[in-house]
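Peer 1: With the sequences and hints as input, model every part of the structure.
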Amino acid sequence: MLRIEDLRVNYGGIEAVKGITIEVPEKEIVTLIGANGAGKSTTLRAVAGLVRPAAGHIYFLDEEITALPSHSIVAKGITMVPEGRRVFPDLTVLENLKMGAYLRKDNLKDDIQWVYDLFPRLRERSWQLAGTLSGGEQQMLAVGRALMSRPKLMMMDEPSLGLAPIIVRGIFEIIKEINRQGVTILLIEQNANIALHTADTAYVLETGRLTMKGVGKELLNDEAVKKAYLG
Amino acid sequence: MENKRIQNLTSVVFLLALFALVIFLEQVIKPTDTMAMLLTVTKKSAVYALVAVSMNLLNGFTGLFSLGQAGFMLMGAYTYAIFTIESERRDSVYYYFDQVVNVSLPETLGGALGSVGWLVGVLLAIILGGLVAAGVAYLIGFPVLRLKSDYLAIATLGFAEIIRAIFQWRMLGPVTNAANPLKSYVRLSDFKIGTGDAAINISTFVAVLLAVVCIGIIVMLINSSYGRAFKAIREDEVAAEAMGINLYKHKQIAFCISSFFAGVGGAMLAMFANTVQANNFKSNMTFEILLIVVLGGIGSVSGSCIAAVFFIFASEWWLRGLDSGRFLGIFAPGIFRNGFRLVIFSVGIMLVILFFRRGLMGDKELPYYVKWIKDKLTTQKPKAGEANG
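Order-wise, the sequence lines are chains A and B. Using this note's numbering, you'd call the opening residue of the first sequence number 1 and step up by one each time. Using this note's numbering, you'd call the opening residue of the second sequence number 1 and step up by one each time.
These are calculated hints, taken from the structure and not from any lab test. It cannot be assumed that every hint is accurate.
From chain B, some residues computed to sit far from chain A (all C-beta separations above 12 Å) [stated by the list, open to error]:
#1 SER149
#2 ASN201
#3 LYS249
The list that follows gives simulated cross-link-like pairs (lysine to any residue, SDA-like), each with its CA atoms no further than 25 Å apart [claimed, not checked]:
#4 B:LYS148 with A:LEU68
#5 A:LYS105 with B:GLU237
#6 B:LYS374 with A:SER126
#7 A:LYS76 with B:LYS148
#8 B:LYS364 with A:ARG123
#9 B:LYS364 with A:LEU68
#10 A:LYS176 with A:THR198
#11 B:LYS249 with A:VAL51
No experiment lies behind these values; they were computed from the predicted model shown. All C-beta atoms, glycine included, are put in the ideal place defined by N, C-alpha and C.
Peer 2: Given below as structure tokens:
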């Protein structure tokens, strides 16, 4: 579904991503794991059109999307849950959800219901300002907001960041549920343990290079991965 | 839903009452009364309220700190004046130049369609003023909207000053009359029904109506999906972009619409005053408007309106009395005369900022506070009952 070929991204002279190739098959959960500064977020941002790659190609549904502006990429069916949630604090929960569907002109009612069914907590807080939600609720809202664009591919940047373990588990259950309903997911995580348990395929990134690729659960038992990321 | 209908109904009733009050006062108050000042400051408040709301659309709702308001008002004022100057008096206005523009929209349309045509002509000239301001804003937007926060403010402030300098330029004299004032155009005081002594004066009503209609349009914009996108940009540009909002396009839309209404406000200011001169549209005017926006609350339309009324009433009327030794009908001692009003005015502003950090209204609108007071009253009542029992 999504194919990244030999992607290189520079940040003012520093090469953050040094030529990586990743394949995300349809209906799967693919994860990128790696330490700080490995280039995980940069890769996602390049796919979303938020940064321009220096070289390489990105294909989505066999169509090149490499240099497209981010709004056309969203229109093609790729959405991103940004790192640190980034909900709109002074808009209500419902308004935040509507923002997620900004490029759609059709009726949103069913999708709002769908998101509320996935996250009943959000329904209760529908009229509350997003800034007053707890961290976990904000993460739910960020995911719900992303789903409102009816994405084919959802990219998530560290959904576990700053959340209590029990809430992280809940969020990942919902990620699996969303995936079961047909949304392909590209996930990046520092919490390698839970990411590898969830993902079908996993890639390990180290300072801008791919060092390993495998089935998620198998990597859990890999000695090198264990040493470096699982402790 | 039900709530919304009640709210809309209340606003309509409130506005109709306001219009009725304005028309009534205008008939009762004679130009020689001391209260005549009330009508003058109401007109000016209407203009400033509109311009403040237009600035709030940009600064408060889209998060673009722009200080170009005076420049856009200037363009609106000039465009309006140039296209409504009486053809007979054109030669005396453009005394030093051979005027290029020889159309007076109200006269041309008035000749063909009577008084309705005259009105349409005036409206066209006002809209044209807004469009010129919006068009120039569109061009300025290309370079400046790539800047952020303070840098954007500095750049827009600079452009406003450049615009002012260009309008005073001698080479443009045949169009703008250079540094000389424009006059003999259609003013607010020309709006009356009938002629002679029996004429009904509606100049204040026209000013208030124009401002209300324009502010209404801005409010509708803010409540639309575009308005939500503007707020999203204000809150978080990266997240907004990830939602598929085209940042640059939306900033450009907000900038142009804000400038359009600043231009309309400028045209109204021209109608209010008897002359238009580029020298009056200095950055000082932008700062006055910014002050109104901050006092009213950044991100509150009703706050901007209320602050505009207070600001203009205080600076132009209430405190003016101090200069002649009278303040709200009370005798003021000599020490308060001759310029002391500026001190009082500044102290007043400081008090507001000290006690209302986020302006009078914060980012909430009037209905929020009405509901708040209602809730306060209803929750207090049972307590009073307990004390009695």
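Peer 1: Hints numbered earlier in the text: which of these fail when held up against the supplied structure?
Peer 2: Those not satisfied are hints 3, 7 and 9.
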